[in-house]
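Q: Model the placement of chain B on the given structure of chain A, informed by the hints.
Residue numbers (my numbering), protein chains in the order written: chain A, 34 to 732; chain B, 34 to 732.
Some hints could be false.
Copies of the same chain look alike in the list, so a pair counts if it works inside one copy or between any two.
Computed cross-link-like contacts, DSSO-like style, restricted to lysine-lysine with a CA-CA straight-line distance of at most 27 Å [what the hints assert, rightly or not]: (1) 375 x 182; (2) 312 x 182; (3) 625 x 669; (4) 43 x 121; (5) 603 x 516; (6) 363 x 434; (7) 452 x 63; (8) 182 x 452; (9) 205 x 452; (10) 299 x 312; (11) 80 x 98; (12) 205 x 312; (13) 555 x 363; (14) 569 x 516; (15) 672 x 569; (16) 299 x 672; (17) 586 x 552; (18) 299 x 669.
No lab work stands behind these hints: they were computed from the structure.
Note that this is a predicted model, so its numbers are computed, not measured.
There are 2 protein chains.
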Amino acid sequence: MNFDSVFDPKSIAVIGASRRETHVGYGVLKNLIEQGYQGEIFPVNPKTDVILGRTCYGTVSSIGKPIDLGIFVVHPSDVMISLKEAEKLGIKAAIVITAGYKETGDAQSENELASFCNEHGITLVGPNCLGVINPGIRMNASFARVMPKAGSVGFFSQSGALCVAVLDYAEKLGIGFSKFVSIGNKAQVSEREMIEFLLNDSETAVIAMYLEDLTHPHEIIEIIQKARHEGKRKPIIALKAGRTNAGAGASASHTGALAGAEESYKAFFLQAGIIRADKVSELFDYIKAFSRNPIPKGKRIGIVTNAGGPGVLATDEAALRGLIVGEFSKETRTALAEFLPKTAGVGNPVDVVGDADALRYRKSLDAVMSDPDIDMALAILTHQTMTEVEETAHAIVQAKKQTGKPIIACFMGGTSVEKGIEVLREGGVATIEYPEESANALSKLALYSDYFNREDPKRFLFENVDREAVSMILKKAREKGRKWLFEYEALQVFSAYGFPVFATEFARDREDALLKAKKIGKTLVMKIASEDILHKSEAGGVRINVPPEDAGKEYDRIIHDVLEKFPNAKIEGVLMEEMAERRGFEIILGAKRDPALGEAVMVGFGGIYVEVLQDVTFGLAPITEDDAWRMVRSLKAQKIFDGVRGQDPLDVDTLVEMLGRLSSLVIDFPEISEVDINPLKVFSQGNGACVLDARIILI
Amino acid sequence: MNFDSVFDPKSIAVIGASRRETHVGYGVLKNLIEQGYQGEIFPVNPKTDVILGRTCYGTVSSIGKPIDLGIFVVHPSDVMISLKEAEKLGIKAAIVITAGYKETGDAQSENELASFCNEHGITLVGPNCLGVINPGIRMNASFARVMPKAGSVGFFSQSGALCVAVLDYAEKLGIGFSKFVSIGNKAQVSEREMIEFLLNDSETAVIAMYLEDLTHPHEIIEIIQKARHEGKRKPIIALKAGRTNAGAGASASHTGALAGAEESYKAFFLQAGIIRADKVSELFDYIKAFSRNPIPKGKRIGIVTNAGGPGVLATDEAALRGLIVGEFSKETRTALAEFLPKTAGVGNPVDVVGDADALRYRKSLDAVMSDPDIDMALAILTHQTMTEVEETAHAIVQAKKQTGKPIIACFMGGTSVEKGIEVLREGGVATIEYPEESANALSKLALYSDYFNREDPKRFLFENVDREAVSMILKKAREKGRKWLFEYEALQVFSAYGFPVFATEFARDREDALLKAKKIGKTLVMKIASEDILHKSEAGGVRINVPPEDAGKEYDRIIHDVLEKFPNAKIEGVLMEEMAERRGFEIILGAKRDPALGEAVMVGFGGIYVEVLQDVTFGLAPITEDDAWRMVRSLKAQKIFDGVRGQDPLDVDTLVEMLGRLSSLVIDFPEISEVDINPLKVFSQGNGACVLDARIILI
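If we strip away everything but chain A, and leave its shape as in the complex, we get:
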């Protein structure tokens, strides 16, 4: 994809340039002319001769020479006409600012636009966007009035209005951008293309984005994976709207985007190694923290403060966010004790006490930063009687220069610390206004370190998978017009995919039951099979502990009991399973297809209290072996897996394998919309697991 013509075009046509100052077509042209863009500019407007001192062209065709980039701000109905003309002139990229496409219900026009650009190799940003800014060459190809500082942050956003606010906050916070892009409706260039471009853009060190939805998650995961392989340490930060159902609803009505379920997004960000900002404020905190710091080696934080209270508050937050506020090495404590007053604490946090001057502060920070047991530092300052605000800021800047470890400085207060913050900012030190937010931002540096240092993903490779058998079962169900499988069919599907399933037979009458029960030869569970019976137990359709010789008798009783409660139920027969005898732990495995992100697989605390306990975790299929382990290890129930209160540890290897097999199954058969295995009984280590109950719903 040609992004050169988007970010560094030799020539730009503004199609829909306007004389009216309130019109977007005026703003875009003005920004290009006045903010320093050096290439050729061609305003296009059939009704005007000159705008802002530039001669206008009546049509695109009349420009008569090649154009790199076209910016479209005309009425939606005129965009395609102009675009076709521009294509004739060899246009390479188009920014369609014009709104009135998918977001107002017109998906067709948007698709036409995208198809045309795809066919003709034109890079398309938008429609319904604010435009693009490349501060490095002072090109403001947007209708945002501000040209941000040049810097190392590559930012893109699905919301134009948020772009405006981001530019405004960034100015206040001293954040500079490498590229700034409003991707709008993402008809062609989406987060996938932007992430790939920015990962390869030499001017970008940190990638940040605002999203309302997302597609092609696995391609993005692979793009990031590839960059990581190439040693590109480029943290990616995402602010994603729609964390709740209420939010998702609002999002859908806002952009016409069908927001995926939060759990799937959570899984995606984790699998992709993208840092999630939950709030706008966090987005800026993380941008500051990442763009002004190296990546730490680990998660051990040292805190230096001239005020005890804020030190405690920062410690709290650091611990809550997974950082380790550990002991300093003996050397560090000895070094600190040498110059700190007796009332100071040489523990972590180091309280250098209220009367600390810049020198004492500096020496303490140096001691902490050079401790091999410390990976990063938080420097907190409040303005007390003896405090040297600016000098301390300079001292921190110097300390930062001498270390390869991250530092965040939190100068608490307002006007009295303003100049210190200015010094820190100019010296390239990340500053955050409050101690807790500072600790949180540092925790994200450590999180990215984890992400970056992940081992190469191990992919699941399974034997004993019989696709053909599953195809047949699904085909049969579809042929009968069913959108779901009988339990015995579901069990057959899982069996075909290598899941251990107890001996199971399907009986169609009393004699059949007795015959097949004897074949199983063990105590049985018998369950009614009927598409009209959803809750089998409540319907009287389940018997446990049935000796094989009683199977015929119980068959009749089950049918009788069920028909008594549901006289019109259409009954297929009775499913007979070997009783689970070994003591195992009940796990739920599941899968559900999300329209945007694809199939998500789930693992969690099973049994009848699944919804109550909500101890479940999700992964986007296909998952790697590492993903599966991460999922399992993130459950509260994992303490049980290791063996609690004298119980044996469970066979987690098998559980992880089953999760992988489930992932394979739902990837291989996209017609499966929902899966429930509840319970999967997991036995003690080395003894495997077994599917006891299962459900499959088709699309």
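A: Same frame as chain A, now just chain B:
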């Protein structure tokens, strides 16, 4: 307690006034003289004649006339001497700024100080504090350099350094104070006295505090309860350090305070109806929100925004924080549709679209605020091409004046919205920088509305409580030098306090077992009783389903099995209980004494997975009936209580009663340090509950 002399003294002696500009004794005197205090000031310093143009007194006695307030900044060893002299002059209040007491290990001097003040009716603030500020009379009796704006916020803090930062932030955020107090080591005046004073202070509308620990929780709860009864709507906001173990550790080493467990504090804040700020930033957000708004009637929020994305982000956060982002009434939607452009959404959030002017914004906000289904509003603005920032700010100020409902305005960005924020602030509208934090602050207004509208607490009153029996059991254990009870003793204790306990007998040998088993006459559980056996099952010391006639035989087997594994175990005998036969749900009840906050009672999801599931909740004993219901209702397991998946609802009334009885027990017997009832089997509605296993540890 005399607070008049602290906050409005006619005369002040500065004991330890200094000429050296870096000395605290100089700072305090200078602040008093130069910042506008109107009363008499007496500097005391034996080595100097004049400081800052004021004649110095060599000793306190030499002042020779009555003084209202003494501020002590002398060496700790001189404080008592000067204080005694001051007492002779009739001093009514003392602010001891001097440090070097409990926080550095000298609890004795601090206790002497407090005792002397208590005996002589002197109000004591400190020691180890920053001082006191009363902006209303421009009295800065502290060494903080800034005199804050007068306002309605009463603030006090256990950390002096934090006070300085708070003053500095407050100036930037435009927050004014009624009283500003650094309470230091709290030798006499603690949070209890401050809360009581501020609740009754006519200049204070909102109370805010920073704490590292807390004592007398129930007295505070009653003070707040009383004020509520008197119709005083004064929200109380607390920032409490030590939310984690790491934090609590740092806090303890910092102030010498023994920080209580987070769970107990959480319970306290909830029972007291105090709004908890988790971060410094939240403290300010909540102060702004409460001091500039009325209390809402409910939790239904209306969001008006000129940018979709931020609206979605605010919606997410509002929903996560328990607010309802519901539909507007039909009237409101009709009204909005009349003047909003077609591309705008009349749902909630209302997206007034990027080109909205102040008038459109105002009309939308008015429509939302007058909706009877809306209790509060969030007004979000980003600076887009057509946006009238200041005019919109004025419009919001006007809208606010016409409504009795809370509004928070979030003008997103930096310089481009600065003037608007100024207008809002001057107009008395709370402004918060980011949309999510704005929604969160509004959720706290709704939370306080809940707190304020709580019904009068119903106290538990129990019959069938036999204190004497419990006393005897505890006495016997103490006499034997035991710090714990045998299970059968624990069961007797609970039985004496009205807990249903299955028929239980204690057998000392084989014959005894058989005899008593026949007396019970039902299938039994038998459990080893030995102080050396902690985990009875693992030791082979438990048998279930024992028919009474086998009790003798099983007695011997249990003893044999246990001795095989623990040959040196001292065995008391075997406990025999009727088997629980009714299907019940396993609940854990517990209690633990916190050194600072007293006894906390716990209820939660019981059984063997308590630690894994962590579905437990705490209350500070004594709990009211309402507390007990809140505790039970806040469990995830409460869905089970109501009956899930076709199961019967459980006997929650009994569960609540048992929780109350446990609270009574631990209050009546302070020598109980820890209690575990696990499980309490709770049966279906109307069928009660039963203690199956219990443990009591003594102090």
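Q: Taking the hints in turn, state whether each one holds.
A: So, going through the hints one by one against the coordinates:
When the C-alpha separation of residue 375 and residue 182 is checked against a cutoff of 27 Å, the pair qualifies neither within a copy, at 46 Å, nor between copies, at 37 Å. Taking the shortest alpha-carbon separations for residue 312 and residue 182, only the intra-copy value of 23 Å comes in at or below 27 Å, while the best inter-copy value is 31 Å. For the homomeric pair residue 625 and residue 669, the shortest alpha-carbon distances inside one copy (22 Å) and between copies (24 Å) are both at most 27 Å. Only within a single protomer do residue 43 and residue 121 lie at most 27 Å apart by alpha-carbon distance; the minimum there is 17 Å, versus 89 Å between protomers.
Taking the shortest alpha-carbon separations for residue 603 and residue 516, only the intra-copy value of 16 Å comes in at or below 27 Å, while the best inter-copy value is 65 Å. For a Cα distance limit of 27 Å, the shortest separation of residue 363 from residue 434 inside one copy, 25 Å, qualifies, whereas the shortest one across copies, 62 Å, does not. For the identical chains of this complex, residue 452 and residue 63 are inter-copy neighbours only, at 25 Å across copies versus 35 Å inside a copy, given an alpha-carbon limit of 27 Å. In this assembly of identical chains, residue 182 and residue 452 lie within 27 Å of each other by CA distance both inside one copy and across copies; the values are 20 Å within and 22 Å between.
Within a single copy, residue 205 and residue 452 get their C-alpha atoms as close as 14 Å, and across copies as close as 14 Å, so both meet the 27 Å cut-off. Taking identical chains as interchangeable, the C-alpha atoms of residue 299 and residue 312 lie at most 27 Å apart whether they share a chain (15 Å) or sit on different chains (25 Å). Taking the shortest Cα distances, residue 80 and residue 98 sit within 27 Å of each other inside one copy (21 Å), while across copies they are farther apart (90 Å). When the C-alpha separation of residue 205 and residue 312 is checked against a cutoff of 27 Å, the pair qualifies both within a copy, at 18 Å, and between copies, at 23 Å.
When the C-alpha separation of residue 555 and residue 363 is checked against a cutoff of 27 Å, the pair qualifies neither within a copy, at 65 Å, nor between copies, at 64 Å. Taking the shortest alpha-carbon separations for residue 569 and residue 516, only the intra-copy value of 19 Å comes in at or below 27 Å, while the best inter-copy value is 51 Å. Taking identical chains as interchangeable, the C-alpha atoms of residue 672 and residue 569 lie at most 27 Å apart only when they sit on different chains, with a minimum of 21 Å there against 32 Å within one chain. In this assembly of identical chains, residue 299 and residue 672 lie within 27 Å of each other by CA distance both inside one copy and across copies; the values are 22 Å within and 25 Å between.
Taking CA atoms no more than 27 Å apart as the test, residue 586 paired with residue 552 passes inside one copy only; the shortest distance there is 16 Å, against 41 Å between copies. Taking the shortest alpha-carbon separations for residue 299 and residue 669, both the intra-copy value of 17 Å and the inter-copy value of 22 Å come in at or below 27 Å.
When held up to the earlier numbered hints, the structure conflicts with 1 and 13 and fits the remainder.
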